[in-house]
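Chemist: Sequence:
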Amino acid sequence: MEHKLEHKLSHEARRALLKLLQREFPLTKRPFLAISRKVGLKEKELITILKNWESEGRLRQISAIFNPEKFGHKSSLFAIKVSAEKLSLAVERINSHPGVSHNYLRNHEYNLWFTLVVSQGKNLLDEARKLAADLADNGLLYLPITKKYKISVVFGVENDEEESVEDKGDFNFTEEDVKFVKVLQEPLPLVKEPFSVKAEELNCGVEEIFAWLKRMKKTGALRRFGALFKHQRLGYKHNVMVVWQVEGERVDEVAKVLSKIPEITHCYLRKSYPEFPYNLFTMCHFKEENFYEKIESWAKALGIKEYLPLKTLKELKKVRLKLFYED
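Using our numbering, the first residue of the sequence shown is number 12, and each one after it goes up by one.
Keep in mind the hints are simulated off the structure, nothing from the lab. For every residue, glycine included, the Cβ atom is placed at its ideal position computed from N, Cα and C. Heads up, some of the hints might be wrong.
Derived SDA-like pairs: lysine to any residue, alpha-carbon spacing no greater than 20 Å straight-line [said to hold, decoys possible]:
| no. | residue 1 | residue 2 |
| --- | --- | --- |
| 1 | LYS209 | ASP188 |
| 2 | LYS203 | LEU213 |
| 3 | LYS133 | LYS311 |
| 4 | LYS316 | VAL265 |
| 5 | LYS193 | ARG235 |
| 6 | LYS322 | LYS193 |
| 7 | LYS133 | LYS333 |
| 8 | LYS282 | ASN149 |
| 9 | LYS92 | GLU326 |
| 10 | LYS53 | GLU204 |
| 11 | LYS333 | GLY231 |
| 12 | LYS229 | PRO37 |
| 13 | LYS329 | SER87 |
| 14 | LYS62 | GLU204 |
| 15 | LYS203 | LYS329 |
| 16 | LYS203 | GLU219 |
| 17 | LYS161 | LEU324 |
| 18 | LYS298 | PHE335 |
| 19 | LYS190 | PHE335 |
| 20 | LYS53 | LEU31 |
| 21 | LYS158 | LEU38 |
| 22 | LYS298 | HIS22 |
| 23 | LYS62 | TYR121 |
| 24 | LYS229 | LYS298 |
| 25 | LYS92 | TYR121 |
The calculated label-pair distances, taken between Cβ atoms and stated as ranges, are [as the list claims (entries may be wrong)]:
| no. | residue 1 | residue 2 | range |
| --- | --- | --- | --- |
| 26 | ILE272 | THR39 | 32 to 38 Å |
| 27 | VAL208 | PRO285 | 49 to 55 Å |
| 28 | GLU219 | GLU317 | 17 to 23 Å |
| 29 | THR185 | PRO37 | 48 to 54 Å |
| 30 | GLN72 | ARG48 | 22 to 28 Å |
Whole structure, please, built from the sequences with the hints as guidance.
Modeler: See the structure below:
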């Protein structure tokens with residue numbers, strides 16, 4: 012549903028707004044005032060639009076997005092085969108785990124695909140096995156990332172640059188850092204001075220928050236601070252994970268080509284198995300119905316014969332990944 016205030020935004024202004032919210036969110040005392048001035052709105056009008064988007068489910072939240080491994084966490088994608096009789100129980104059990112951020116039903120014999128994160132001291136694979144116990148037929152696939160090529164969950168901004176996947180080395184976090192993570196990973200309130208609310212929670216000044224976020228960005232512990240949108244509400248109706256079987260010597264070359272495709276938001280090299288030999292994973296979002304033809308054209312251009320498009324049949328859970336959730 013489009014609200015009256017949105018009609019004030021031209022196509023270019025709307026595109027600029029989505030980019031500012033997702034990629035260039037201003038770290039200033041009144042961020043919505045700074046954004047509104049750039050897109051031809053009043054501060055109050057922008058906040059009203061964002062509240063409308065939030066209430067209708069288009070805007071999930073605005074917050075910090077951290078790299079879990081920098082804070083001692085381990086995460087991975089898992090896939091299991093679940094029979095129709097056990098599906099409801101499996102979904103309930105997996106979704107109830109606070110470390111599960113994503114869970115999808117896909118069109119394959121491995122039909123449940125979920126992402127799990129655990130904190131320092133916990134065994135990731137053991138935790139996943141507990142979730143899959145008595146539910147999975149023929150075990151589960153443990154699919155950790157071995158190399159990152161592209162991470163860019165920015166919608167409505169064509170030809171936008173992806174986030175950096177460069178590893179900036181070790182980072183020794185403190186208890187103070189943990190406190191900041193817990194507060195800043197939660198949604199930013201849609202008010203005139205949202206960082207003042209966070210500063211009150213942290214018992215510090217807003218400038219201290221901005222300095223900490225900039226420091227975390229420099230160390231690689233912070234991916235970005237910005238908005239997370241529900242892609243379906245922005246017109247991206249089809250979510251497809253395409254997995255590719257690529258020879259080792261061609262992986263970098265193929266991944267670099269795939270990473271330049273706008274519909275591909277993620278590109279990772281993952282662990283493969285004889286029963287599931289695909290090693291390059293790409294997450295794709297499409298507006299058009301002819302996405303299978305597009306995927307086929309990519310495969311032909313790259314000379315790849317073994318690939319598998321796994322369409323999302325149902326989004327069972329999707330929340331922003333939370334760190335230190337046991338606390």
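Chemist: Look at each hint and say if it fits the structure.
Modeler: These are the hints, each one checked on the structure:
no.	hint	in the structure
1	LYS209 <-> ASP188	holds, 14 Å
2	LYS203 <-> LEU213	holds, 18 Å
3	LYS133 <-> LYS311	violated, 43 Å
4	LYS316 <-> VAL265	holds, 13 Å
5	LYS193 <-> ARG235	holds, 15 Å
6	LYS322 <-> LYS193	violated, 33 Å
7	LYS133 <-> LYS333	holds, 15 Å
8	LYS282 <-> ASN149	holds, 18 Å
9	LYS92 <-> GLU326	holds, 17 Å
10	LYS53 <-> GLU204	holds, 15 Å
11	LYS333 <-> GLY231	holds, 17 Å
12	LYS229 <-> PRO37	holds, 16 Å
13	LYS329 <-> SER87	holds, 15 Å
14	LYS62 <-> GLU204	holds, 15 Å
15	LYS203 <-> LYS329	violated, 28 Å
16	LYS203 <-> GLU219	holds, 19 Å
17	LYS161 <-> LEU324	violated, 24 Å
18	LYS298 <-> PHE335	violated, 35 Å
19	LYS190 <-> PHE335	holds, 10 Å
20	LYS53 <-> LEU31	holds, 15 Å
21	LYS158 <-> LEU38	violated, 30 Å
22	LYS298 <-> HIS22	holds, 17 Å
23	LYS62 <-> TYR121	violated, 38 Å
24	LYS229 <-> LYS298	violated, 35 Å
25	LYS92 <-> TYR121	holds, 4 Å
26	ILE272 <-> THR39: 32 to 38 Å	holds, 34 Å
27	VAL208 <-> PRO285: 49 to 55 Å	holds, 52 Å
28	GLU219 <-> GLU317: 17 to 23 Å	violated, 52 Å
29	THR185 <-> PRO37: 48 to 54 Å	violated, 27 Å
30	GLN72 <-> ARG48: 22 to 28 Å	holds, 23 Å
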